[in-house]
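> Since chain A is already given, all that's left is putting chain B on it; use the hints.
So the sequence lines, in the order shown, correspond to chains A and B. My numbering puts the first residue of the first sequence at 9, with every later residue one more than the last. My numbering puts the first residue of the second sequence at 57, with every later residue one more than the last.
In case anyone wonders, no lab produced these hints; they're calculated from the structure. Treat the hints loosely; a few may be bogus.
Once the Cα atoms are required to be at most 27 angstroms apart in a straight line, the calculated BS3-like pairs of lysine-lysine come out as [as the list claims (entries may be wrong)]: (1) A/K101 <-> B/K274; (2) B/K274 <-> A/K296; (3) B/K345 <-> A/K304; (4) A/K71 <-> A/K29; (5) B/K274 <-> A/K266; (6) B/K344 <-> A/K288; (7) A/K297 <-> B/K318.
Among the chain A residues that face chain B by a calculated CB cut under 7 angstroms, a handful are [to be verified]: (8) A272; (9) M273; (10) F274; (11) F276; (12) E280; (13) N287; (14) N294; (15) W302.
Pulled from the structure, derived: some chain A residues nowhere near chain B, Cβ distances all over 10 angstroms [unchecked claim]: (16) Q76; (17) E205; (18) K270; (19) I275; (20) K297.
Quick caveat, the model's predicted, so the values are computed rather than measured. Even glycine gets a Cβ: it sits at the ideal position worked out from N, Cα and C.
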Amino acid sequence: MKKAVLIVFISLFTQLSAQEKINVWPKGQMPNSKGLKLKTVEEKQGSITQIQETELFAFLPPKEDRKQMAVIVIPGGGYYKLTYDQGGFQNAKWLNTLGISAFVLNYRLPISPDVKQREFAPLQDIQAAIKYIRKNATQWGISADQIGVLGTSAGGHLAAMASNITTDYTELKGDWESISTVPNFAILVSPVIDLGEFAHVGSRNSLLGENASPEKIKEYSMQNRVTEKTPPTILFHAQNDKTVPVMNSILYFTEMTKNKVKGAMFIFPEGEHRIGVINKSELTDNWKKLCADWLKSISNK
Amino acid sequence: MKKIVFIVFISLFNQFSAQEKITVWPKGQMPNSKGLKLKIEEEKEGRITQIQEAELFAFLPPKEDRKPMAVIIVPGGGYHHLTYDLGGYQYAKWFNTLGISAFVLNYRLPTSPDLKQREIGPLQDLQAAIKYIRKNTAQWGISPQQIGVLGTSAGGHLAAMASDITTDYTELKGDWETISTIPDFAILVSPVIDLGEFAHKGSRVNLLGENASAEKIKEYSMQNRVTEKTPPTILFHAQNDPAVPVINSILYYQAMLQNKVKGALFIFPEGEHNIGITNKTELTDNWKKLCADWLKSIGISN
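Isolated chain A, as found in the complex (with noise of 0.2 angstroms):
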């Protein structure tokens, strides 16, 4: 009897995992790496400055509930850390509970020493992500055109980066080439937009290095990079935000205004840089009901 119940233990841990963990590059065919071997380092609870290699952490609703549609959530952390569990997990839970499939990535910081090229590497990971989730699509029940991201602070300019960067920088090949690194749709909450006057310090800073150049800073502030490819769009951002100035938020929706891009933005006077799925203020707190549903309007099914 005993026996039983060790086994069904076992097997509830290893089967039926709440969320499963997935390489998301095929094996040695991860560009912009200097070969080092890394360690993960959590800083502390909830939050990593180094990882090995891109992973997604998958996170699906019951099949009875499951939808075609999926999102790749993005943690923020000023490109220095990754806040996966407040900022990953918890978002990713919140959107199985809408019968979405999430799926949440730990990309390789632009200020990793294994990194060859700093500022490519996030983008590498969330393209190669988008790919190997649209690859992978019909073993869970979804559909590869309606593939999401959601990011929150840095991991919004990540999002926006992905939305708007139609180069593939992945290097893979084969069957993988023809695999758009475009999202579907894109869910920015306290996005990191601008790397200039507006910026978040600390974001360009570890994205782009002390000194970079004005011409960089403009090619990496997203809201130059918008174009009417630009997916449709949905933006939160709290107006007492001290973090990453409103502005950000209100630069991007304008200019996918100006190149027709569908969309919505909704700035909230509270809710500081911590816009979540738990939230101080009852009037922030309705994100979630608008966020759901806009993803329902654009949805197929």
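Relative to chain A, chain B alone:
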């Protein structure tokens, strides 16, 4: 028996009317008037193109539900007409369901032949209405420090004028003089803000005339009038508004940020120029919940 029924009916219509009509200006004190006698003209149902003088329609929630807060509703209509039902009464009824008293303002239109100076007519009426309500709050059990404005479309422009222009144009004397004309908060729905590059041209032409100078256009573009004293403001707009471009709200909100005015900006993908009490899309319909939660957050409870 029939007689009793008849009496009950009469008293329902006289005493228990859902809205009470109030003449804003004290008799003979309406400024900026040539003294013409005008008829009320309703060009089609729910749409008035001419009024004789400024009127308020009071909508009060039941005493038990009534909070200290009140809102003056400023209907739109491109400064050419007043959408007093869809853009007025309908909002007033909704506010009543939140326990908030509402007063729908039918203001003199700048196109009225009775006005001497067209562009200040609507502002004078709204300023007088704010004073009137503050003066009479005790009779309704509301607070003179919680009097807001809600304006739709051109009514949003007028609500922004009242928020930003501190000069008192009412010419009212005596105990009226000390009462502020500035609302305590503003709700702008699909508002006309800019009268320049992003203008709703009809509103500009009706307010300022056909050949307004660049200075006049700048002066009446409300993003240029925001100061630190602008009251807290919440804006709603649809990205696909074909009548008043969404950039109107964005410009106003940016000026609020520069002046540290507290508020919120909510832009929906859909809703066109028809964000209202009933909405086609579920997403846009959330604006009411957002507005109600915001009012709760700035309200001082009983």
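> I'd like to know which numbered hints this structure contradicts. Please list them from smallest to largest.
When the structure is compared with the hints, numbers 1, 2, 12, 13, 18, 19, 20 turn out to be violated.
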